[in-house]
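Asker: Start from the sequences, fold in the hints, and give me the full structure.
Numbering (my numbering), first residue to last: 350 to 594.
One or more hints might be untrue.
[Said to hold, decoys possible] The calculated lysine to any residue pairs, modelled on SDA-like cross-linking and capped at a C-alpha distance of 25 angstroms, are:
{"no.": "1", "residue 1": "Lys381", "residue 2": "Thr513"}
{"no.": "2", "residue 1": "Lys524", "residue 2": "Arg416"}
{"no.": "3", "residue 1": "Lys381", "residue 2": "Thr455"}
{"no.": "4", "residue 1": "Lys517", "residue 2": "Val489"}
{"no.": "5", "residue 1": "Lys524", "residue 2": "Met433"}
{"no.": "6", "residue 1": "Lys491", "residue 2": "Ala477"}
{"no.": "7", "residue 1": "Lys381", "residue 2": "His534"}
{"no.": "8", "residue 1": "Lys517", "residue 2": "Lys403"}
{"no.": "9", "residue 1": "Lys507", "residue 2": "Arg520"}
I should point out that these hints are in silico values taken from the structure, not numbers from a laboratory.
Small disclaimer: the values here were computed from a predicted structure and weren't measured.
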Amino acid sequence: MADLSRAEVVEFHGSFRHIPYQANRTLGVLSKMFSLANLWGIRQDGVNPCRGVKRYREERRERFLTREEYARLGSSLDEAAEDMPEAARAIRLLALTGCRLREIQTLQWAHVWLGEAELRLPDSKTGAKTVQLGKAAVDVLKATPRLPDNPYVITGRKAGEYLTDLQKPWRRIRKAAGLDGVRLHDLRHSFASDALEMGADLTMIGRMLGHSDIKTTSCYAHLKRENVKRSTRKSHGRVVHRVRL
350 MADLSRAEVV
360 EFHGSFRHIP
370 YQANRTLGVL
380 SKMFSLANLW
390 GIRQDGVNPC
400 RGVKRYREER
410 RERFLTREEY
420 ARLGSSLDEA
430 AEDMPEAARA
440 IRLLALTGCR
450 LREIQTLQWA
460 HVWLGEAELR
470 LPDSKTGAKT
480 VQLGKAAVDV
490 LKATPRLPDN
500 PYVITGRKAG
510 EYLTDLQKPW
520 RRIRKAAGLD
530 GVRLHDLRHS
540 FASDALEMGA
550 DLTMIGRMLG
560 HSDIKTTSCY
570 AHLKRENVKR
580 STRKSHGRVV
590 HRVRL
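Answerer: Set out below in structure tokens:
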């Protein structure tokens, strides 16, 4: 860390060229590590060798779960709850709330208000926010045991810690559900897509997801148009059918 050069970072980044999305995420983590190394005096030159390294082009990914896929995921989570209950519980909450991964991982009981069916998060990615809970999410939380030596809802192996790794159990769960290639973050996208299909507008979706800028939510605008088209075709079909009667 103290002696790594920009050329070495470029070579490391290039070794993941076949998986551009992961390569760019790894570069971002590495950049953060160098920034901290400079802050803590580990590096003496004050230089972040990740700066200026060109990231790979990423194809925009849009993956939304269908009803059938949700059903398979539910069955897979039920099975996983036997031997990895914390992971299964966390993934179920991600699907039911549209929260970011870290928001569920670091969720504390002090932030859970079951009487009001709310999560009151003091420090999400965009600042403090309130997450409204549906009955299914409330039921998951009510069934979650509270450990006296741990403030977190999704507990880790050691006392006082939260579960830090959900990727490994997620790979196992999605494989069992036949959801190869689906990321945990796609559960958040699916949550937003379902809300749009049920009639929520983009402003409401932004509030549900905790977006601080409507521009972030605008990426779902095309889904809204598709929902309108689909509804129009359904209405048109019903009218045609009635006229023929």
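Asker: Under the constraints set out in the numbered hints, which ones does this structure not fulfil?
Answerer: The structure conflicts with hint 8 only, although it agrees with all the remaining ones.
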